[in-house]
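Undergrad: For reference, the chains in residue letters:
There are 2 protein chains.
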Amino acid sequence: MFLNAIVPIEDTEVTPIRAARGRVLASQIIAPRDEPNYRRAAMDGYAVVADDTLGASERSPVALKIGDDVRRGVVSRVHTGSKMPDQADAVVMVEDVERLDDVAEIRAQAHPFENVGLKGEDVGRGELIFHPGHRLRPADIGLLAALEVPDVTVYRRPDVAIIPTGEELVGGSPAEGEVVETNGLMNALLVEQWGARYRYRNIVPDVRELVEAALLRDTDADLILTTGGTSVGIRDLVSEAVQKLGKVLVHGIAISPGKPTALGFVEDTPIACLPGFPVACLVASYAFAKPAINRLAHVEREFERTVTGTLAGKLTSKPGSRTYARVALRDEHVEPIMISGSGILSSMAKADGFVIIPENVEGYDEGQQVEVVLFD
Amino acid sequence: MFLNAIVPIEDTEVTPIRAARGRVLASQIIAPRDEPNYRRAAMDGYAVVADDTLGASERSPVALKIGDDVRRGVVSRVHTGSKMPDQADAVVMVEDVERLDDVAEIRAQAHPFENVGLKGEDVGRGELIFHPGHRLRPADIGLLAALEVPDVTVYRRPDVAIIPTGEELVGGSPAEGEVVETNGLMNALLVEQWGARYRYRNIVPDVRELVEAALLRDTDADLILTTGGTSVGIRDLVSEAVQKLGKVLVHGIAISPGKPTALGFVEDTPIACLPGFPVACLVASYAFAKPAINRLAHVEREFERTVTGTLAGKLTSKPGSRTYARVALRDEHVEPIMISGSGILSSMAKADGFVIIPENVEGYDEGQQVEVVLFD
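Quick note, the sequences are listed as chains A and B, same order.
For the first sequence, this note's numbering puts the final residue at 787, and the numbers step up evenly by one.
For the second sequence, this note's numbering puts the final residue at 787, and the numbers step up evenly by one.
Chain A extracted, bound-state conformation (with noise of 0.2 Å):
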């Protein structure tokens, strides 16, 4: 429901190749020129008319004439990737051919076209490269670059703001009863990973006006991200005021830990309302922010780092819930992680990564074969 209501981004921008490692283009690529635009040599070696190389071999070797130019009876030395001579039409490796000065005994029978990369072989003029919706690798780049592509037109990064809420909450140096902000620096830290801009915005204190307030700053951002402030209890200034500004879709998820998280819209920007407690919160996010930011981004395939491994302990799930299991992964084996609360974040960074339960499992007994999916 969240993702579908989100529009991908529609804004672009021109940038230069060098720059556009991970952007994804937003018009196709078509082929301007041939790559390469003339024959080359696909060997060292020398360059032959193929018919001259008749019946040579090891025993019979042919004597031709070392030029500079190719004909009938002349050959010319060539290097790989280097332009053949126009009346050649093969080329005899190096190691086939015996060289007495300017004569090039041949000791290998070289086919019309053999060893010659013809005009054209890697990319043809108009040839289709690239979609829109492809994200730029480095291989991608240098094909572009072989090209004389010199730029290229992307989407424009989303710009995901990040809210973190709460009284409790400090910058510095916590008294008794208070606590850190950690939970928007981690977003930012992952947003940025996951390709996006973001704006880490002041803790917004537990008060209605101060919470709309701040939504409402950030209706330009292709989405928010609160942290806290999401508990199904009595104190939920965030999703009310979401709802107030804009509509909920869903309070209350069947993810664990993350049950908290609401989804929605401020006005016409949507909005991921992450729980406070620290591991709850970046399950919410892997679960929601990271795809609705792929599809802003008009990524169109997303493959996660995972590595299969064998448990070596129970792992139990929420029953209902979709669980987040943290574990570790040793050699080949997976291990649970037995703090099990979604304040601990030192959890986190004991684990590795995440196995996911589905809600219609009962959790996985050890020796059974899982896939972890590794934290970014």
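Quick caveat, the hints were computed from the structure, so don't treat them as lab data.
Values in this document were obtained by computation on a predicted structure and should not be read as measured data.
The beta carbon of each residue, even a glycine, is placed where N, CA and C say it ideally should be.
Take the hints with a grain of salt, since some may be wrong.
To be verified - Going by beta-carbon spacing under 7 Å, a handful of chain A positions derived as facing chain B:
(1) Tyr449
(2) Pro549
(3) Asp551
(4) Glu579
(5) Gly582
(6) Ala586
(7) Glu587
(8) Val591
(9) Val710
(10) Phe714
(11) Ile755
(12) Met759
What the hints assert, rightly or not - A few chain B residues that face chain A, going by a derived Cβ cut-off under 10 Å, partial list only:
(13) Ala453
(14) Val460
(15) Gln498
(16) Arg536
(17) Ala599
(18) Val690
(19) Ile755
(20) Phe786
Position chain B against the provided structure of chain A, taking the given hints into account.
TA: Quick look at chain B alone, frame taken from chain A:
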């Protein structure tokens, strides 16, 4: 041989934790204090003396006075994460309490310590949090922030010198017979993605003295990557220069593509001489440059992004060589990229990753399950 001969970087630097994402710790982190540093409510509800709630239930609630502080007979409203009043030893969830003016009707019995987070329950003072060699993720930085650790000592990022060689190369528009330099560019972008810094040097022509000078200029780097000039044929200036200025450990490696790769040292600086054919160059970079950078950077474990799928066609391999076959992913299907030439850069752009076929395996048949290592 190559990796074992590389000495990890000793230099360290101090960085604020907010800038430390992806950096590798050079020293252990010991918790400087308890987290939390006070007893906290683990639920929204009422802090109580547990004994006061003995026998409380839906049918026979216990009425207790609501006050600012807790003592026998008096309870106090608390929020998740807030400091527990000194004499309270449990929290009754808000759902189990009916409030009538200044009286709380408790409808569930609380056991001592129920819904109370103890001081130090997340991290105890003096606890070892991270070992040296740990690469910091957003959640780790959150934990450091929670513990008021402002900055960390990390290893300096590796400096990688990238030197493209080949007189056929040009930086700008190629004439016939010329080729745009792409290998160095692609390696620069990969090296950056692998957590190192790069120096992307000008193209060095195939002149012995110039190649030697270029190598000597970058012996202060942590790793040198050259591209081109490594065919096992006649024109092999680069590995000859390495042998003269240092030591070639190996030249010619049983990987396909990538066979002409040479590995060694210029003075004491590790060098990987990557082939000039772009696909071979990239394969060799994944096979040798990436692990070399990880070793320099003290990265203990690196998990690739992999996807398992079913082969939609036969994958052939070069017998006796570890073959890096390019494949594309279409849903669950793994499709071989048919264009196999190592000079065909577009085959990388069309691919999502490699299937790595061991040297003693003769390819894989259609329908077989294979693991795809996705491109960075």
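Undergrad: Output the numbers, in ascending order, of every earlier hint that fails for this structure.
TA: 5, 6, 9, 14, 15 and 16
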